[in-house]
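Next come the chains, spelled out residue by residue.
Number of protein chains: 2
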Amino acid sequence: MKDKNQISAASILERETPFLLLNRDKLERNVARLREHTDRLGVPLRPHLKTVKSVEAARLILTNGKGPATVSTLKEAEVFSAAGCKDLIYAVGIAPQKLARVIALLNNGTDISVILDSLEQARAVVEASRQSGVKIPALIEIDSDGHRSGVVPGDNLLIEIGKILHNEGAELRGIITHAGESYHCKSMQAHQAMAEKERAAAVACAEALRAAGLPSPVVSVGSTPTAHFSQDLTGVTEVRAGVFTLFDLVMTGAGVCHTADIALSVVATVIGHQRQKGWIMVDAGWMAMSRDRGTASQAVDQRYGIVCDMSGEPLGDLVMIDVNQEHGILALRAGSQQTLPDLPYGSRVRILPNHACATVSQHAEFVVVRDRSEKIEAQWPIIHGW
Amino acid sequence: MKDKNQISAASILERETPFLLLNRDKLERNVARLREHTDRLGVPLRPHLKTVKSVEAARLILTNGKGPATVSTLKEAEVFSAAGCKDLIYAVGIAPQKLARVIALLNNGTDISVILDSLEQARAVVEASRQSGVKIPALIEIDSDGHRSGVVPGDNLLIEIGKILHNEGAELRGIITHAGESYHCKSMQAHQAMAEKERAAAVACAEALRAAGLPSPVVSVGSTPTAHFSQDLTGVTEVRAGVFTLFDLVMTGAGVCHTADIALSVVATVIGHQRQKGWIMVDAGWMAMSRDRGTASQAVDQRYGIVCDMSGEPLGDLVMIDVNQEHGILALRAGSQQTLPDLPYGSRVRILPNHACATVSQHAEFVVVRDRSEKIEAQWPIIHGW
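One line per chain: the protein sequences are A and B, in this order. Quick note on full-length UniProt numbering: the first sequence kicks off at 1 and runs consecutively. Quick note on full-length UniProt numbering: the second sequence kicks off at 1 and runs consecutively.
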């Protein structure tokens, strides 16, 4: 999907808009910050690559540029495996029809685990393992916070699933959980409590498996908030997180990062003004930003994003208040006493997004810069599809 | 972006999920319905291809498979021009840096008009016309409903822009407007009134140009609701509309179509159950559906979409209540007295989306079927990027 019209631009002030800007220095600092934290707690990180969906970005994020890693699609698994990352968890409950591609990856030398939370899935994995002669590694998903999928801690279903996997031909790897509700925590205390709840649920379930004579070498936990606010990871063998690499306004609103940590922005050009309304029109709409409005339910609603100048500094109270497919409307926040900044026709802005994963997925590539530089250092393709 | 894992599937019951299903018969009926209406009013249709973003779909939508058409990006313009559609309006206010690609299209035999609503844009278009020796065709955008961009009717700015374009080296083509507020009309009377308001504003502005001795051969109006509810198009030379081709739940909620007219759905597989909560988990999340929640502000909030069986029949009150990146949660609507349908692990559903344009843009291709058929007739690539 690389656009031949774009290859010659050497500067972010020249490249045709809209495009997706990535500050590589911020990415590297974000990764170093979480690695320091999990190193201190003595647990390895298994980054979730669904946020960046890029081989080049993954090389900066992963240990030795290789792994371990987490993916959200088998397409990601195939691309990252081909790029040398051979230690993967596919962290979406396995569908029966997807097992053939999992087996192809295993046969290709990729250590990929599936996750599941039902007897039906365990039977499908066992059946596919038997038919292929490949023991498919499987983690049992635990519902540590009521957020989404998973076996409820204490339910004997855990042991039943574990027995099918272990005794009937698959490879029971252990326990996995994701405290997705942590996105809604409103204080450091709440984040810390959620991290402990996630840890405790996963460890208890691993202990339950072991007490039943079943193996649980892996105890995998994580979300970006719980990964950052965890204080103790006793019994946990790895931590997963994804959006921490780029950060976004939802994570700022959740108190996990500062606006200045956000490595991602969308560059847009001013195409008009509706001066009597205080509106500035730009050539980036939801196609470039995504329709994600994750901050709408937070204390500060950032609408479709905070507007910055081309150095990345926020322009006061200017936000993207609304979007159509290829139009964005910039205006001051409701109640602002500031004056609308002077952004003449043809000038450029950078917009910080609500949700990095959603905004990345709207683009064919990252346009990569360093701190305090307008020079385009690289263009990194983004993986799409399933 | 065609996925080699998918090429061999012959049936929508076999192809790996999630994927984007298009019922070609519904598309053709939707197009015929609006064509009959605008033919009766004696005005040609200029379909907006930003919804389908597909050369193959465009061949069914356009007159003689060629044109005229409307586009939202220059990438669309270049792809559709190469496919033989040479009569285009690029319907986003022109940015100065994009004029070089417009000139390249004009030099390549494509009749492409730009749109604008400011003196600065008119001067940029005139300057680019002079420098290239190509008179760039331009339409002046009118703000008929306060929705987005455009010169306010009655503002003398219209004549000033017209004079610059006409006298200084560009080609003044006339007037364009889009009553985007029509999406929020709640009755047939309101739709009809909005259509008349759109028409009257555009025609009055064209008359004002002519009264000032300026040409206005084109008077272009349209949105999917106003196009369907217009009763008189006197003075209008063409009607634009896009989402009418596929329709979606927002258009159903606005009273423009029935649920059965929606030509688009996302096919997903059941990957789990949270039975105590009444949840069914599927392998389609916002990556497959988009984050668009256009029905949230309508009388009936359809959450992330209406769930249908594989024949396309809605499964009672079952909707996709929430999504994560690659997970969807199906449940009965709040307050429903129905019983959760029995959808075992591995079964498939079709989900009707809020907003066709947004859902299409999440996918690499349409998987095309006919009425009452599970056979995959074709796979049509979708255009991405700018």
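Please note: incorrect hints may appear among the correct ones.
Computed from the model, here is a short list of chain B residues facing chain A with C-beta under 8 Å [said to hold, decoys possible]:
(1) Pro-18
(2) Glu-56
(3) Arg-59
(4) Gln-97
(5) Ser-118
(6) Arg-148
(7) Ile-271
(8) Trp-286
(9) His-327
(10) Ala-331
(11) Ala-364
(12) Trp-386
Derived coverage of chain B by chain A (criterion: at least 3 residues anywhere in the stretch with Cβ under 8 Å from a Cβ of chain A; other residues may be distant) [what the hints assert, rightly or not]:
(13) 290-300
(14) 344-353
Pair by pair, the computed Cβ-Cβ distance ranges are [unchecked claim]:
(15) Gln-337/A <-> Gly-109/B: 49 to 57 Å
(16) Asp-39/B <-> His-258/A: 44 to 52 Å
(17) Arg-333/A <-> Lys-186/B: 40 to 48 Å
(18) Gln-337/A <-> Asn-107/B: 33 to 41 Å
(19) Gly-109/B <-> Lys-277/A: 50 to 58 Å
(20) Asp-39/B <-> Asp-301/A: 41 to 49 Å
(21) Arg-33/A <-> Met-188/B: 54 to 62 Å
(22) Glu-313/B <-> Pro-344/A: 50 to 58 Å
Rather than coming from a laboratory, the hints here were simulated on the basis of the structure. In this text, a Cβ means the ideal position worked out from N, Cα and C, and glycines have one as well.
Hint check results:
{"no.": "1", "hint": "Pro-18", "verdict": "holds (6 Å)"}
{"no.": "2", "hint": "Glu-56", "verdict": "violated (18 Å)"}
{"no.": "3", "hint": "Arg-59", "verdict": "violated (22 Å)"}
{"no.": "4", "hint": "Gln-97", "verdict": "holds (6 Å)"}
{"no.": "5", "hint": "Ser-118", "verdict": "holds (6 Å)"}
{"no.": "6", "hint": "Arg-148", "verdict": "holds (6 Å)"}
{"no.": "7", "hint": "Ile-271", "verdict": "holds (4 Å)"}
{"no.": "8", "hint": "Trp-286", "verdict": "holds (7 Å)"}
{"no.": "9", "hint": "His-327", "verdict": "holds (6 Å)"}
{"no.": "10", "hint": "Ala-331", "verdict": "violated (12 Å)"}
{"no.": "11", "hint": "Ala-364", "verdict": "holds (5 Å)"}
{"no.": "12", "hint": "Trp-386", "verdict": "holds (6 Å)"}
{"no.": "13", "hint": "290-300", "verdict": "holds (count 4)"}
{"no.": "14", "hint": "344-353", "verdict": "holds (count 3)"}
{"no.": "15", "hint": "Gln-337/A <-> Gly-109/B: 49 to 57 Å", "verdict": "holds (53 Å)"}
{"no.": "16", "hint": "Asp-39/B <-> His-258/A: 44 to 52 Å", "verdict": "violated (58 Å)"}
{"no.": "17", "hint": "Arg-333/A <-> Lys-186/B: 40 to 48 Å", "verdict": "violated (29 Å)"}
{"no.": "18", "hint": "Gln-337/A <-> Asn-107/B: 33 to 41 Å", "verdict": "violated (50 Å)"}
{"no.": "19", "hint": "Gly-109/B <-> Lys-277/A: 50 to 58 Å", "verdict": "violated (39 Å)"}
{"no.": "20", "hint": "Asp-39/B <-> Asp-301/A: 41 to 49 Å", "verdict": "holds (46 Å)"}
{"no.": "21", "hint": "Arg-33/A <-> Met-188/B: 54 to 62 Å", "verdict": "holds (57 Å)"}
{"no.": "22", "hint": "Glu-313/B <-> Pro-344/A: 50 to 58 Å", "verdict": "holds (54 Å)"}
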